[in-house]
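Just need the whole structure built from these sequences, with the hints factored in.
There are 2 protein chains.
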Amino acid sequence: MPAQRRLHLGAFMRPVSIHTGAWRYPGAFPDANFNIAHLRRFIRKLEEGKFDAFFMADHLAVLNMPIEALKRSHTVTSFEPFTLLSAFAGATERIGLVGTASTTFDAPFHIARRFASLDHISGGRAGWNIVTTSNPDAALNFGHDEQTEHAARYRRAREFYEVVTGLWDSFADDAFVRDTASGFYFDPERMHVLDHKGEHFSVRGPLNIARPVQGWPVIVQAGASDDGRQLAAETAEVVFTAVNSIEAGRAFYTDVKARVEKAGRSRDHLKILPGALVVVGDSLDEARETRARLDGLVHEASAIAALSIALGVDASSFDPDGPLPEVPHTNASKSGRERAIALARAENLTVRQLAQRLGGYGGLSFVGTPQTIADAMEEWLVTEGSDGFNVMFPFVPEGLDAFVDKVVPELQRRGIFRRDYEGTTLREHLGLPRPPNRFFPDA
Amino acid sequence: MPAQRRLHLGAFMRPVSIHTGAWRYPGAFPDANFNIAHLRRFIRKLEEGKFDAFFMADHLAVLNMPIEALKRSHTVTSFEPFTLLSAFAGATERIGLVGTASTTFDAPFHIARRFASLDHISGGRAGWNIVTTSNPDAALNFGHDEQTEHAARYRRAREFYEVVTGLWDSFADDAFVRDTASGFYFDPERMHVLDHKGEHFSVRGPLNIARPVQGWPVIVQAGASDDGRQLAAETAEVVFTAVNSIEAGRAFYTDVKARVEKAGRSRDHLKILPGALVVVGDSLDEARETRARLDGLVHEASAIAALSIALGVDASSFDPDGPLPEVPHTNASKSGRERAIALARAENLTVRQLAQRLGGYGGLSFVGTPQTIADAMEEWLVTEGSDGFNVMFPFVPEGLDAFVDKVVPELQRRGIFRRDYEGTTLREHLGLPRPPNRFFPDA
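Heads up: the protein sequence lines correspond to chains A and B, in order. Per the numbering used here, the first sequence runs over residues 6 to 448. Per the numbering used here, the second sequence runs over residues 6 to 448.
Just so you know, the hints here were simulated from the structure itself, not pulled from any lab data. Be aware that a few hints might be false.
In this list, chains with the same sequence are indistinguishable; a pair is considered to hold if it fits within one copy or across any two.
[Said to hold, decoys possible] With a Cα cut of at most 20 Å, we get these calculated DMTMM-like pairs of lysine to aspartate or glutamate:
(1) Lys411 x Asp425
(2) Lys76 x Asp178
(3) Lys55 x Asp287
(4) Lys76 x Glu194
(5) Lys411 x Asp324
(6) Lys55 x Glu305
(7) Lys339 x Asp231
None of these values were measured; they are calculated from a predicted model.
See the structure below:
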């Protein structure tokens, strides 16, 4: 009998809550996203809850949103991932530390070196979320007037990944002999000079740091496009995805796992973790009221803008207190439009309520009791909708504490989540192999 | 009566010892330069000794030295500065954290953001050692076939500094109102868009992080050339220098402080800290024997190479056990040649001993008892040879522990070093003002 599959849980923590109203919720820390003492408390609580990893998204600009929305956003001031995750390495012992680093505006040597250093500092807990940056405001911060087109960004990302992993393999694990008698600190025969010359990069190497504890930090990706799925299938070990329903989750899971096998890899060596906002209550009604109260804190301007984007029409002329009127078909995304309409009907929402739902967080959410949330997560796991979740909290600290104190024990009771860490590295938490060194396969 | 001037002490810790034989010394930790637990112990000890700052040099390549020297070097694997200093922020409370970041191969937005993040994470203890990179091996790691020439590197560095400090000033200190009632997280009127367009950089801004705790992290430089001195006089708050004698120290001090005043700044707002290797013994003889034993661990090939460079002639044909022969004049640096000859005569050194001295560490050193070392440091302070030192340890942990346990109390007894930290930020330790925000002078 095969061992029972278990959930893997990441905590999506930049921002500390994806919900735009989170910082205003009664009892929430308004400055949580930018307070090191609060953040240290959160990651320690997540480690108490045996989470696989703390996950940091990243942005290379004050986000490109209208000023009316921007001035209400708690993401405008944030810590930088390498510095924050390194600070956390000393504050925790087991939880993984996944940071986002873009391949669009940085150099492979810097990225390889910083993740290797974080991996050594944390005893093998680093993960690299590889992204490409399409935000035009970010391009302007790096001297680019025009954004690189999508396919070119992905070609660059692919080569960037090859260079970074090649640099990580600069030294065999046994290179550093430190023989005080002979005076040999390392064996040059166990050092490889990469000498990469490609379309985008020319990088000599070697890296000036020993091979990471994990061989390579865990490779994480979030691309959903065809290019993104293919890159993930070939290179990623964790995929964060934004599917909105269990049906969409299963379709994504089936597609990506098939691509993984086609690429000659084991399907178990890539874990699929959809993002999910989780709102916990002692009763279903209480959880729904919490969600409604939270959505009610979303400013109407941002809310109507989000609804207009979803529907593909200007929603500002709709009666906010009335039901959603008939919406004409447009060239906008059909799935977004249909989802919004279905949501309004299913929950009997007014235009304002629907707009605030989408403006707060329009993606996948589990709103219920510890039992109903565990039911849903178990169904996703058992029916191959996912290998776990990248959990988002509605507000902090309460929403995070509720998940760790109430949902985690219920998952553990069912045997679908660890009761304690069994290894020390992020790879061990995720059940991923340590990659062999391509230049020193014997080491 | 003016307050008594006091020494400022940095600890030069990358590598943990500048001396190439350090890792082989009996009782030393051979892996100290790359062991996070050891390094955490060292910085805590330095904080116990009330040091102003922990200082990390940096290199962007496995150093360009012959393989015979390289394989004996403990610097070949090292932590990256942003990650290591961030890890230290949580392990310490007061000591400053100075990291080196080159302006030659990185983007101002990244550097501004990472130092701002480190400054917030550490509660205002960050310092930026601004360097330009001339190592041709480093250039090859970033796709450059040729090294940029000296003056061009300095022009780029100057503009880089302007952009970074401009980005740090993106927000007024009072910008983040976090008003849960109105929903305004920050006041857009208190945000400045830099819109820099210059010779080397086009950077829009704003930075996506609040203004650093210190306003700006402390600006540190080490340039000794005319360009370097002038840049330091205009922009630096700490200068690390490699002068080799108190006379050279006074000449440098007089020149740079005059340039500072000519640039319209207070001479007290730039601190000059020469690097100095300090070897402590209970007697003068014991200290000298320690130094000789340490120098004896330097490999002859590296030693003779260092001597040849200093003299400007090939020293490999000299009798290693004989005295230094007559050396012809060449086009090489006169001061290096004269210093080597004077050193050999003054201490009656054989060719091998002289070569090992220069190959271990040829710069300024204080070798003696806590009293004679304190005498020397006091003379440098009182006669304006320096404002303190960037201390290098001969080996660790013993050399570092001896300085903190024996030399620091002697300096404190004389009233020329603090008995405890009086402030919480690096600026406060150094007696430096918090820079006003150029865009929000009222804040």
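So, going through the hints one by one against the coordinates:
For the homomeric pair Lys411 and Asp425, the shortest alpha-carbon distance inside one copy (16 Å) is at most 20 Å, but the shortest distance between copies (46 Å) is not. In this homomeric assembly, Lys76 and Asp178 come within 20 Å of each other (Cα to Cα) only across copies, at 16 Å, whereas the closest approach inside a single copy is 50 Å. Taking the closest pair of Cα atoms, Lys55 and Asp287 never come within 20 Å of each other, the shortest separation being 22 Å inside a single copy and 52 Å across copies. Taking the closest pair of Cα atoms, Lys76 and Glu194 come within 20 Å of each other only across two copies (10 Å); inside a single copy the shortest separation is 57 Å, beyond that limit.
For a Cα distance limit of 20 Å, the shortest separation of Lys411 from Asp324 qualifies neither inside one copy, at 40 Å, nor across copies, at 78 Å. For the identical chains of this complex, Lys55 and Glu305 are neighbours neither inside a copy (38 Å) nor across copies (54 Å), given an alpha-carbon limit of 20 Å. Proximity of Lys339 and Asp231 under a CA criterion of 20 Å is satisfied intra-copy only: 18 Å inside one chain copy versus 65 Å between copies.
Figure legend: structure checked against the earlier numbered hints; hints not met, in rising order: 3, 5 and 6.
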